[in-house]
Amino acid sequence: MQINGLIGYYTECFKEDSGDFNLRNLLRLNKEDLLFLSGLDEVATANLHRSPINPAFGESLAKRIEIYQRERVLLHGSLFVSGKLQSDSETLSLFSPLVISEAKIESDEYGYYFSLEDSSASVNEELLALLLPEGADLPDVDANRLYDPSYWVSLLEHSPYSLNCLESLRFPKLGTKEDVGRAMRRKHASLLPVSCLAFVERSVSSRGMLHELSLLQGRERLSAPLHALLAEAPVAKTPISLNHRLVPGTLSRAQKNVLEIAASESLGVVSGPPGTGKSFTIAATAAEHFTRGQSVLIVASSDTALDVIADKLSRDFGLDNLYVRVGQKAVLKEFKQYLDDLLAGYHDHTQSVHADDYKAQLDNLIGTIEGDEHRLQKLSAQAFKHGYRAHKLVTGEASLWDKITHKWHASAVDKGEQLWQISTHFNQRVEDKELLSTQYLRAEKARAISALLASNRAAVQTLNRASRARTSSKQAEYFAQADFGSLLKGFPVWLVTLNTLHRVLPLTHEMFDLVIVDEATQCTISSVLPAFARAKRALVVGDQKQLRHYSFLARAKQQEIAAKFAVKGSDKAISYRDSSILDLALLSATRQNQVAFLDEHFRSQPELIHFSNSHFYRGQLKIMQHRPCSTTGHIEVIDIGGVRNDAGTNPQEAEAILADVQRIIDKEAELPLPSTIGILSPFSKQAAHLSALVEKHLALEHIQRHQITVATPFGFQGEERDIMLISVCIDNDSKRAAAYLNKEDVFNVAVTRARQRIKLYKSVASEHLPKDNLLRQYLASIDGFILAHQSEQQADQFQTDVLHTLQSLGLDCWGGFDMLGTYIDVLVKAENRYLAIDLIGFPGPWEDYFELNTYKVIKRAGIEVFPLSYALWIKDKPRCVEAMRQALQPKAGATAN
1 MQINGLIGYY TECFKEDSGD FNLRNLLRLN KEDLLFLSGL DEVATANLHR SPINPAFGES
61 LAKRIEIYQR ERVLLHGSLF VSGKLQSDSE TLSLFSPLVI SEAKIESDEY GYYFSLEDSS
121 ASVNEELLAL LLPEGADLPD VDANRLYDPS YWVSLLEHSP YSLNCLESLR FPKLGTKEDV
181 GRAMRRKHAS LLPVSCLAFV ERSVSSRGML HELSLLQGRE RLSAPLHALL AEAPVAKTPI
241 SLNHRLVPGT LSRAQKNVLE IAASESLGVV SGPPGTGKSF TIAATAAEHF TRGQSVLIVA
301 SSDTALDVIA DKLSRDFGLD NLYVRVGQKA VLKEFKQYLD DLLAGYHDHT QSVHADDYKA
361 QLDNLIGTIE GDEHRLQKLS AQAFKHGYRA HKLVTGEASL WDKITHKWHA SAVDKGEQLW
421 QISTHFNQRV EDKELLSTQY LRAEKARAIS ALLASNRAAV QTLNRASRAR TSSKQAEYFA
481 QADFGSLLKG FPVWLVTLNT LHRVLPLTHE MFDLVIVDEA TQCTISSVLP AFARAKRALV
541 VGDQKQLRHY SFLARAKQQE IAAKFAVKGS DKAISYRDSS ILDLALLSAT RQNQVAFLDE
601 HFRSQPELIH FSNSHFYRGQ LKIMQHRPCS TTGHIEVIDI GGVRNDAGTN PQEAEAILAD
661 VQRIIDKEAE LPLPSTIGIL SPFSKQAAHL SALVEKHLAL EHIQRHQITV ATPFGFQGEE
721 RDIMLISVCI DNDSKRAAAY LNKEDVFNVA VTRARQRIKL YKSVASEHLP KDNLLRQYLA
781 SIDGFILAHQ SEQQADQFQT DVLHTLQSLG LDCWGGFDML GTYIDVLVKA ENRYLAIDLI
841 GFPGPWEDYF ELNTYKVIKR AGIEVFPLSY ALWIKDKPRC VEAMRQALQP KAGATAN
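Here the UniProt record's numbering is used: the first residue of the sequence shown is 1, the next is one more, and so on.
Think of the hints as simulated: they come from the structure by calculation, not from any bench. Mixed in with the good hints there might be a few duds.
Computed list of lysine to any residue pairs in SDA-like fashion (alpha-carbon distance at most 20 Å, straight line) [stated by the list, open to error]:
id	residue 1	residue 2
1	LYS568	TYR550
2	LYS489	GLN662
3	LYS564	ARG577
4	LYS385	ASP848
5	LYS877	THR805
6	LYS859	THR424
7	LYS378	ILE366
8	LYS735	LYS856
9	LYS859	LYS173
10	LYS685	ALA737
11	LYS385	GLU847
12	LYS856	PHE597
13	LYS173	ARG145
14	LYS877	PRO843
15	LYS84	GLU212
16	LYS489	ALA458
17	LYS187	PRO55
Derived CB-CB ranges, DEER-like [to be verified]:
id	residue 1	residue 2	range
18	ALA480	LEU343	52 to 62 Å
19	GLN559	GLU220	27 to 37 Å
20	GLN461	ASP311	56 to 66 Å
All of these numbers come straight from a predicted model, not from anything done at the bench. All C-beta atoms, glycine included, are put in the ideal place defined by N, C-alpha and C.
Let the sequences and hints guide you as you build the complete structure.
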């Protein structure tokens with residue numbers, strides 16, 4: 001099938017799945033989510049910065065905003081179209097604002113207030129498109145007339161609907177809820193002088209996406225990622241020399257593999273289970289591309305995912321000005337200010353002159369590190385040989401030649417001490433490299449911006465005007481004038497939600513070198529196609545074991561669309577409603593080296609990830625917090641004995657959770673950094689019930705301080721908290737509800753959100769669940785989890801001697817400890833610090849030395865490696881013991897593992 005036909009199929013599916021918008025009739029909102037403003041709307045007209053609202057409503061709404069901040073947004077809407085629109089095919093009931101702006105709730109000792117997030121409101125373009133003749137362009141709205149009702153009256157005269165608009169001319173004097181009620185009973189809709197605060201579901205804007213999909217459907221020339229995704233043609237690979245050494249952070253083999261795929265493959269796929277550093281890897285990929293002068297577009301379905309990546313770029317890489325962060329609004333307020341400051345000359349770019357110097361220092365330092373790596377391996381190999389000869393001398397098996405050779409190399413044995421010094425030197429140089437890499441990237445960023453302003457100031461001015469455009473049509477006009485070839489040299493990384501991409505960037509063929517799709521299971525295939533069209537290469541990042549997007553498209557309708565476009569089973573037209581962009585990308589990858597798997601889990605205590613690792617990920621995850629003394633106790637199961645009622649809630653479990661949350665709040669009242677708390681139930685009605693309890697009984701300051709969030713697993717996708725409280729919400733008679741718990745993606749997300757602790761509240765006995773039920777298996781895994789010392793290899797004399805010597809000093813030791821995908825010869829603990837001892841040279845199971853990658857894996861887990869030569873141990877045991885004691889001492893500024 002032709003690619004354009006497949007794009008047509010996905011476009012039609014998306015259109016059928018996106019037929020409504022969430023601001024169409026705000027009267028459907030619960031009463032606690034809609035507030036009619038009264039008197040004069042002086043905030044809208046900028047006469048007042050903020051305006052008071054009913055204190056009880058304000059307090060309740062402020063709590064709800066904290067609890068639902070990911071799923072919902074508070075809007076201020078004005079000039080409402082109210083009543084019925086009748087066409088030949090249907091009658092629509094509307095209560096929808098023409099002008100909207102994000103709002104926020106504030107409070108002081110006098111009460112609660114609302115204000116607008118910034119001074120720029122926007123047009124409800126979906127409503128305007130509905131009201132104006134089909135095919136009409138959106139108007140170029142004069143910013144000074146946005147709240148001018150006479151402007152809207154004159155504009156809506158062109159509408160095919162008979163609208164009563166005269167009442168609106170009273171604005172900013174506001175009408176009432178009763179006025180709306182009367183308008184809803186009239187034959188024709190009215191434009192009313194009404195303003196409301198509405199707490200609504202975050203919108204998935206479909207109109208712009210559909211327009212771009214229709215443009216793609218008619219294009220003859222499509223991007224390489226689209227061909228790789230939708231065609232049967234071979235996927236191109238471009239050989240490239242990576243700069244991963246210039247990027248801050250010690251990258252794993254898997255992460256370096258991701259960087260290589262992103263730099264060379266037309267289409268790449270990254271599978272990243274929970275807590276394996278997907279966001280860090282994406283940020284590292286963007287930073288590495290920047291070092292080679294390349295541009296990166298990062299997209300996701302939610303702002304939350306992009307916020308995490310932006311935080312990584314700023315906090316872990318020090319690149320707060322490397323990227324342009326675009327969110328729900330066209331452009332964030334901070335970015336607008338940054339552009340203003342650049343154009344006004346407020347930014348100091350003198351750091352740019354140091355870029356070449358930093359690069360030279362970095363190259364020298366990398367050379368030193370590589371030299372340390374080479375010397376470490378060379379001396380380890382020598383220590384291996386010396387150990388064998390020393391063992392022969394100790395056992396009396398040495399030949400005359402062995403004795404002569406040993407005597408000749410007596411001084412070389414002391415080089416075993418150099419192993420410690422080189423290892424310490426290596427670790428210090430790696431830390432120095434992190435700092436220097438950050439300085440270098442910042443200097444390169446400053447140089448890029450300086451060069452852009454010097455060569456093409458007009459491009460920055462155009463971007464600045466586009467950021468302030470009031471409508472998408474006006475913004476598109478500015479973007480059409482923009483020189484993105486120049487802009488992307490100064491602003492090489494863009495983070496944009498899929499539903500705002502069409503508002504921010506023109507649909508220019510392969511304008512970016514790379515597009516990265518994060519949380520890919522949450523992205524429909526259709527929504528990502530325009531992003532693919534904008535790049536030369538694509539990297540799709542997600543986890544098939546986690547939740548997919550939710551579709552309302554009926555299967556029968558999907559089959560009808562497939563027939564319309566002659567889609568066959570052999571085509572790359574997998575089910576729109578059941579499949580994500582990750583599924584299609586995996587199907588389209590023709591070579592295994594297009595796929596990477598992130599296998600180092602950093603987020604959780606071992607007990608918290610144990611079940612998912614063994615059940616969903618085939619035990620392939622290296623648990624980086626694995627320590628012999630972090631055993632059980634991180635999961636607590638509380639049997640409540642509650643009842644799931646006819647309303648689908650379990651009040652007893654909910655009350656127990658509320659009481660425990662209050663205990664956590666009281667216990668941590670004096671802590672400067674309190675635990676963050678997540679409250680989860682697989683069932684939406686129980687989650688709503690829990691939300692109501694939190695809103696009613698907890699103070700807003702506590703909800704904010706502990707970042708308390710209440711949701712189903714769908715609300716926690718991509719989120720994490722220190723403590724997760726999970727209400728199972730079924731009892732022994734809830735067999736039908738229990739079957740829902742067996743959805744693997746839902747269950748996997750539910751049990752992998754915690755960093756430190758899970759408390760699971762249940763009212764069902766395990767024996768009442770089927771044997772294959774995931775909850776039953778999970779409960780059994782908790783009971784059977786023992787993070788014990790495991791070794792399949794026997795201890796030898798050298799290992800035994802080291803263990804006994806260190807234990808005699810009062811240190812905790814483990815021989816042959818199984819962790820991080822390898823066996824640690826001897827693991828030593830002093831207080832909260834661990835040291836991995838690499839025994840070298842004694843014939844037997846522990847004779848060999850660690851590979852460099854093993855060194856780095858252990859170091860990424862926060863544990864230092866101490867190479868110990870058997871020959872030196874025999875020659876001078878006290879010196880070796882003292883060196884190990886020194887290695888266990890905390891370094892200045894260091895934190896415990």
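Hints and how they fare:
A hinted pair counts as satisfied when its Cα atoms are at most 20 Å apart, and LYS568 with TYR550 does not qualify at roughly 24 Å. Our distance criterion of 20 Å between C-alpha atoms is broken by LYS489 and GLN662, whose separation comes to about 51 Å. Simply put, LYS564 and ARG577 have alpha-carbon atoms about 17 Å apart, close enough for the 20 Å limit, and the pair holds. With a C-alpha separation of about 10 Å, the suggested pair LYS385 and ASP848 falls inside the 20 Å cut-off, and the hint holds.
Taking the CA atoms of LYS877 and THR805, the gap is about 10 Å. The hint holds against a cut of 20 Å. For the proposed pair LYS859 and THR424, the alpha carbon gap of about 12 Å is at most 20 Å, so the pair holds. Straight-line distance between C-alpha atoms of LYS378 and ILE366 comes to about 18 Å, which keeps the hinted pair within the 20 Å bound. Restraint check: the Cα-Cα separation between LYS735 and LYS856 comes to about 49 Å, which exceeds 20 Å; the hinted pair is violated.
Our distance criterion of 20 Å between C-alpha atoms is broken by LYS859 and LYS173, whose separation comes to about 66 Å. Distance restraint check for LYS685 and ALA737: the Cα-Cα separation of roughly 12 Å lies within the 20 Å cut-off, and the hinted pair is therefore satisfied. Proposed proximity of LYS385 and GLU847 is supported: the alpha carbons are some 10 Å apart, at most 20 Å. For the hint pairing LYS856 with PHE597, the CA-to-CA distance comes to about 18 Å; that is within 20 Å, so the pair holds.
The straight-line distance between the Cα atoms of LYS173 and ARG145 is roughly 16 Å, inside the 20 Å bound, and the hint therefore holds. Our distance criterion of 20 Å between C-alpha atoms is met by LYS877 and PRO843, whose separation comes to about 18 Å. A distance of roughly 30 Å separates the Cα atoms of LYS84 and GLU212; the hinted pair therefore is violated under the 20 Å criterion. The suggested pairing of LYS489 with ALA458 holds, with an alpha-carbon distance near 14 Å, which does not exceed 20 Å.
Annotation: proposed proximity of LYS187 to PRO55 is violated, straight-line Cα distance about 37 Å (limit 20 Å). Distance hint check: the CB atoms of ALA480 and LEU343 are about 21 Å apart, inconsistent with the given range 52 to 62 Å. The given range of 27 to 37 Å is respected by GLN559 and GLU220, whose C-beta atoms sit roughly 29 Å from each other. One distance hint, 56 to 66 Å for the beta-carbon pair GLN461 and ASP311, is violated here, with the actual separation near 29 Å.
The structure fails to meet hints 1, 2, 8, 9, 15, 17, 18, 20 from the earlier list, while all remaining hints are met.
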